[in-house]
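Q: Using the sequences plus the hints, can you model the full thing?
Protein chains: 2
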Amino acid sequence: MPKIIDSDERKKAIAQAVWSILSQQGISKVTIRNVAAQAGISTGSLSRSFANRMELVHYALELINEDANNRFQAYLASEPSALASVQFLESFLPLEPYALEASKVTVGMIAELSALPEIAPIAQGSLEQLQLLFREVLNLMDRQGELKAGLDLELESTQLVVLSYGLTVKALVAGKGSEPLNVSRIFRSQVNELLLEPVPYATDQELAELAEVSRSLALFKDSEN
Amino acid sequence: MPKIIDSDERKKAIAQAVWSILSQQGISKVTIRNVAAQAGISTGSLSRSFANRMELVHYALELINEDANNRFQAYLASEPSALASVQFLESFLPLEPYALEASKVTVGMIAELSALPEIAPIAQGSLEQLQLLFREVLNLMDRQGELKAGLDLELESTQLVVLSYGLTVKALVAGKGSEPLNVSRIFRSQVNELLLEPVPYATDQELAELAEVSRSLALFKDSEN
Numbered sequence: 000m001p002k003i004i005d006s007d008e009r010k011k012a013i014a015q016a017v018w019s020i021l022s023q024q025g026i027s028k029v030t031i032r033n034v035a036a037q038a039g040i041s042t043g044s045l046s047r048s049f050a051n052r053m054e055l056v057h058y059a060l061e062l063i064n065e066d067a068n069n070r071f072q073a074y075l076a077s078e079p080s081a082l083a084s085v086q087f088l089e090s091f092l093p094l095e096p097y098a099l100e101a102s103k104v105t106v107g108m109i110a111e112l113s114a115l116p117e118i119a120p121i122a123q124g125s126l127e128q129l130q131l132l133f134r135e136v137l138n139l140m141d142r143q144g145e146l147k148a149g150l151d152l153e154l155e156s157t158q159l160v161v162l163s164y165g166l167t168v169k170a171l172v173a174g175k176g177s178e179p180l181n182v183s184r185i186f187r188s189q190v191n192e193l194l195l196e197p198v199p200y201a202t203d204q205e206l207a208e209l210a211e212v213s214r215s216l217a218l219f220k221d222s223e224n
Numbered sequence: 000m001p002k003i004i005d006s007d008e009r010k011k012a013i014a015q016a017v018w019s020i021l022s023q024q025g026i027s028k029v030t031i032r033n034v035a036a037q038a039g040i041s042t043g044s045l046s047r048s049f050a051n052r053m054e055l056v057h058y059a060l061e062l063i064n065e066d067a068n069n070r071f072q073a074y075l076a077s078e079p080s081a082l083a084s085v086q087f088l089e090s091f092l093p094l095e096p097y098a099l100e101a102s103k104v105t106v107g108m109i110a111e112l113s114a115l116p117e118i119a120p121i122a123q124g125s126l127e128q129l130q131l132l133f134r135e136v137l138n139l140m141d142r143q144g145e146l147k148a149g150l151d152l153e154l155e156s157t158q159l160v161v162l163s164y165g166l167t168v169k170a171l172v173a174g175k176g177s178e179p180l181n182v183s184r185i186f187r188s189q190v191n192e193l194l195l196e197p198v199p200y201a202t203d204q205e206l207a208e209l210a211e212v213s214r215s216l217a218l219f220k221d222s223e224n
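From first to last, the protein sequence lines stand for chains A and B. Be aware that the first sequence starts at 0, since it is given in numbering that gives the first Met the number 0, and climbs by one per residue. Be aware that the second sequence starts at 0, since it is given in numbering that gives the first Met the number 0, and climbs by one per residue.
Since the hints were derived computationally from the structure, they do not count as laboratory data. Keep in mind that a hint or two might mislead.
One copy or two, it doesn't matter: identical chains are merged, so the pair holds either way.
Unchecked claim - Mimicking DSS-like on lysine-lysine, the simulated pairs with C-alpha atoms at most 30 Å apart in a straight line are:
| # | residue 1 | residue 2 |
| --- | --- | --- |
| 1 | Lys-175 | Lys-28 |
| 2 | Lys-175 | Lys-147 |
| 3 | Lys-11 | Lys-28 |
A: Take a look at the structure:
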């Protein structure tokens, strides 16, 4: 375990430790002691920054939300094509190992909602943020003249968000029809109902390129094994 | 705890015990010992019928699948209207407490897939069965001339199944927009895209009546508290 030398590295190590425990052992194992051990720092040092499990989980998820917002700003600034918009929406689908890891954490938290009702606001906040992002993307596509006239964008963005949760479940269960190409196909066939000019279905190469982008997210780097 | 007196009651008590432990404590707590205690029978007696956890879980879920198939047969025999078909599909959504309970179990199992890979075939089987049922319902609606021409029914039934998983996630997380009326509205607005004549959105009274029907399912009766 490397010694943590500066504050930024320390933060990243803590977030990665929380993330790794969340995805492999569940939220009940996210304790000051376990996170400190996983991050290679002392319990005393960690407990000066975080009072309890919920603060640790909040912190790790805030970094995820921050990352989503940064990607959204970059997307907005890029004068995106319709395909780029669809790809941005798909970045929240479990099409590659890193997003699949994030999905596991989300589903694990949902499964523990009965036992740990205090995490409900976190789960609700994540879903509401996703809904807002999806809504903003449809708004932009509408302003760019890419959508059919007369759509109820609030309803349509809700449909797409709910579809994306469903595709997450499908990908986690795996089995027939849950290969990334097919998950993307189900999503795009729904999006294409809204578009004046449909986007083509993804190819293996396109998905590999998108996976390459998400691989650069620092938070996921150490959570693969 | 009532003494189990005959074989049918014994079976039901075992299935209810498995169900109750699954929904409240998760699959890792489904053990011969715990189920025997919950069902009020001896460990020795239970272990003569079931070798291990997986057999118990299989057994409880088989009863659910059997129930879904019975309801499907009754639905088929009823010469269903388009609305009755939509209501049948919605019976797999968490619109009332019993279905919400079933959803918790499903999501709990999905969350434990990494830790217990041996349950993957059960989860995959459930999803594939749902896909088959949805496909059969669309086929029937198509034969009855209720659907638009030229639809890809395989893709459309997949979309609806995936949407229903997503609505399950939404209902479990609760929060804004996950009230049963809204969950049904999201589902029906998607179904209505396929129908020549759209069905109306559900009312509180309609949902209450549907809940009454599902309340008669024996397996759920004791798992509410």
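Q: Are the hints correct? Go through all of them and say.
A: Now for the hints, and whether the structure bears them out:
1. Lys-175 <-> Lys-28: between (32 Å within a copy, 29 Å between copies)
2. Lys-175 <-> Lys-147: between (33 Å within a copy, 27 Å between copies)
3. Lys-11 <-> Lys-28: within (19 Å within a copy, 35 Å between copies)
Every hint from the earlier list agrees with this structure, and none is contradicted.
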